[in-house]
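Colleague: Chains A and B are the protein sequences, given in the same order.
FYI, my numbering numbers position 272 of the first sequence as 272, with every residue one higher than the one before it.
FYI, my numbering numbers position 39 of the second sequence as 39, with every residue one higher than the one before it.
Simulated from the structure, these hints should not be mistaken for lab results.
Cβ coordinates follow ideal geometry from the N, Cα and C atoms, glycine included.
Any given hint might turn out to be false.
Unchecked claim - Where chain B lies over chain A, by a calculated footprint (3+ residues, C-beta under 8 Å):
| # | region |
| --- | --- |
| 1 | 55-62 |
| 2 | 67-75 |
| 3 | 172-179 |
As the list claims (entries may be wrong) - Label pairs and their in silico Cβ distance ranges:
| # | chain 1 | residue 1 | chain 2 | residue 2 | range |
| --- | --- | --- | --- | --- | --- |
| 4 | B | Gly161 | A | Thr130 | 28 to 36 Å |
| 5 | B | Arg136 | A | Arg73 | 27 to 35 Å |
| 6 | B | Ser29 | A | Arg156 | 34 to 42 Å |
| 7 | A | Asn376 | B | Arg93 | 28 to 36 Å |
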Amino acid sequence: MAFESGWTAGNHPPPGELLVAWENQLPREQAAPILAHIQQCWECRARVERYARGIDAYVNFRQVYLDPALTPRPGGWLRLAARVRDIPDNQAAARRTLRTRIPRGVWVAVPALLAALVVIAVIVSPVRLTASVVLDRAVRAETAQPSRPAPRVRIRRAGRLIAADERVLQAAHVDGSRPLSVNSFRTWRDGLRSRQDSVTTFDGEIRVETKTDEGTIALASLTVARTDYQPHAKHVELRDGVTIDVESADSSPEHETLPEVTAQPGEAPTPAANPGPDAEKREALEMEVRWALHRIGADLGEPVTIRQSGESLSVAGTLDDPGRRDQVVAALRGFPQVSVQINVAAPDAQAPAHAEPIEPSSGAAPGPLLVPRLLNDLPDPAARAAFVSAALRLSQSMLRHSWALRRLAVRYPSPTENALPAEVRASLAQLVAAHQEDLRSSAREAASLWKPYAQFDAVETGARLNWQDASRAVLRAAQRSDHLTVRLLTASGNDGLTAADALEGLRESQRQLLATLAGVHP
Amino acid sequence: MFHFSRRIAARPAGILGLETRDAAAPPVSVMESLERHFAEHYDTLYRFLRHCGAAEAMAEDLSQEAFLRLHRHLAEARPEQNIRAWLFRVAYRLWIDHLREARREQPVLDETWELWTQALRDPSPGADEELLARERREWLRAALLRLSEVERQAVHLRADGLRYREIAEVLGLGYWAVVEAVRRALDILGDEAHGL
Chain A
1 MAFESGWTAG NHPPPGELLV AWENQLPREQ AAPILAHIQQ CWECRARVER
51 YARGIDAYVN FRQVYLDPAL TPRPGGWLRL AARVRDIPDN QAAARRTLRT
101 RIPRGVWVAV PALLAALVVI AVIVSPVRLT ASVVLDRAVR AETAQPSRPA
151 PRVRIRRAGR LIAADERVLQ AAHVDGSRPL SVNSFRTWRD GLRSRQDSVT
201 TFDGEIRVET KTDEGTIALA SLTVARTDYQ PHAKHVELRD GVTIDVESAD
251 SSPEHETLPE VTAQPGEAPT PAANPGPDAE KREALEMEVR WALHRIGADL
301 GEPVTIRQSG ESLSVAGTLD DPGRRDQVVA ALRGFPQVSV QINVAAPDAQ
351 APAHAEPIEP SSGAAPGPLL VPRLLNDLPD PAARAAFVSA ALRLSQSMLR
401 HSWALRRLAV RYPSPTENAL PAEVRASLAQ LVAAHQEDLR SSAREAASLW
451 KPYAQFDAVE TGARLNWQDA SRAVLRAAQR SDHLTVRLLT ASGNDGLTAA
501 DALEGLRESQ RQLLATLAGV HP
Chain B
1 MFHFSRRIAA RPAGILGLET RDAAAPPVSV MESLERHFAE HYDTLYRFLR
51 HCGAAEAMAE DLSQEAFLRL HRHLAEARPE QNIRAWLFRV AYRLWIDHLR
101 EARREQPVLD ETWELWTQAL RDPSPGADEE LLARERREWL RAALLRLSEV
151 ERQAVHLRAD GLRYREIAEV LGLGYWAVVE AVRRALDILG DEAHGL
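I would like the entire structure built from these sequences, with the hints used as guidance.
Modeller: Put into structure tokens, the structure is as follows:
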């Protein structure tokens, strides 16, 4: 649809454009003249008001009459979860569904076409490059040239370099004396009952990748030279998150300091070992960046992420407000070594993303659960509004801080935390404590606010947990608490909840939250 | 991307999956992710299917099937962007497939009619209020029944917060066709609402 640059009285924009411009779903430069036109053209303004009346009528009708009759029966998630558990094999299910969705003719045509393609491929390429073929050739090449420079072995857990361990290498079927051995790779692969192979050719190399559901290895790949089939690299991913990378010395520059082999007989694989000096600096830098974001409250749910990628640290995100973007950028200005990429969300060319669900101007829908009591207890609208605002603010604060704690717990699970340099660990502990204190403070304030409606018990100490484990329970309690707060004060719903039930649930979730916090290890 | 709004905060499961993933962080499991999407979208999806004319059991079946497909989608580690529009699109196609199988496409489906009749049967207290309410409901019903199926579906999805482009993807229509459908629906409803 063509857009005119200016709309004058007597020259009206098409009604559809009027609607999308009024709904803020046109790029600004296209919407501006239309919106300006609406200001001066009574005819178009009347049309827009008609749209508004239509929206109001529809949303009211839907909320009052339709939606209450359209509530799904409870237990939907339980039924779905049971169905998911009943799926014996996702891939088999996918095949079954495909079979039912695709017309029968296609099932005949596709195999015929594939067969034809296979015949053509065989004719064009007399020797098909399968995993077995590549491995056979690589074994022959390896046998022909057995002595090669010792390859480099790197073992990582959750992306961090850890000390080499014989047990880990054994679990990964990596021969400690010949880590790049093709033979050991092939022996492991041949021993699998079920596996999925793929062969990729790129830049003078061929990579054989095998995935399996058996044993400790989830995926392993071997890369060989395309010219002589000499092995260049091996990559193994264990199911417990450990990855092993083996690279021939002539193909990989010295990037990382390798930890010494510290395997001790009878000792379990080290979950995480001391990072090298560069890694220590990166950890310290990341922690400082976290504190910088924390100081401006940018670690409480805004879409800002911190990533360590190789040697570099980056902070990225997309914010709605240019002012906020500037604030975040300013907070990180003191870290020139950190790459900062904060964008401001802008409407795209076709349809800007600022649509919001339509709210009715007057709600006749079933109201929030506590409203009748609030109307009675707080007849002054300003007092009611203040109560609701305070309750929502405190609930949101608890939710944000519990979310921030959970994020930290995901980033720093116990083994990772233990492997941090002492100073960084102490700094992390302070950051965790700061969130916990904010959480407690909001919870105490909420308890005081809600006193007329729910008595929060004295807090008992919950089970002893480390802060990472506790963060999950705390987040759940905060979510539950927030849901009930919103349901009591601002949201309608057909969930069968009564005010008494919701208040009891709120009391219980607050108790859980504080008890869990009280039980956290120092 | 995650924005901490009241709307999201009001949904208990709307947080976990919103954790943007660090490369080093353990990934959220498929079931956790599925549960989050279920909590966010199941009710609206079910309502949409009911609004399209699906009976209760069918709407539930199709909603669940859509989420099973989402489970597979997530299990295959496919992109997890704009799942809401994706779910609506899958559910709507399942519904269309069902209609084709049943060979009973009608301009206004019996179930839809029944649904509205049922909704309009709701008794109201007080004679005057009841009269006004009944008059208003009768009028709304008449106005809604004047809309075409596409207009009703488009306006329903728009009221659920989908953008015009997303609605176009769900219904398999062009962008401006959807805009026109919503505009026509609002014109009709707005005209009739005048003076009430």
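Colleague: Can you give the numbers of the hints that this structure goes against, from lowest to highest?
Modeller: 3, 4, 6, 7
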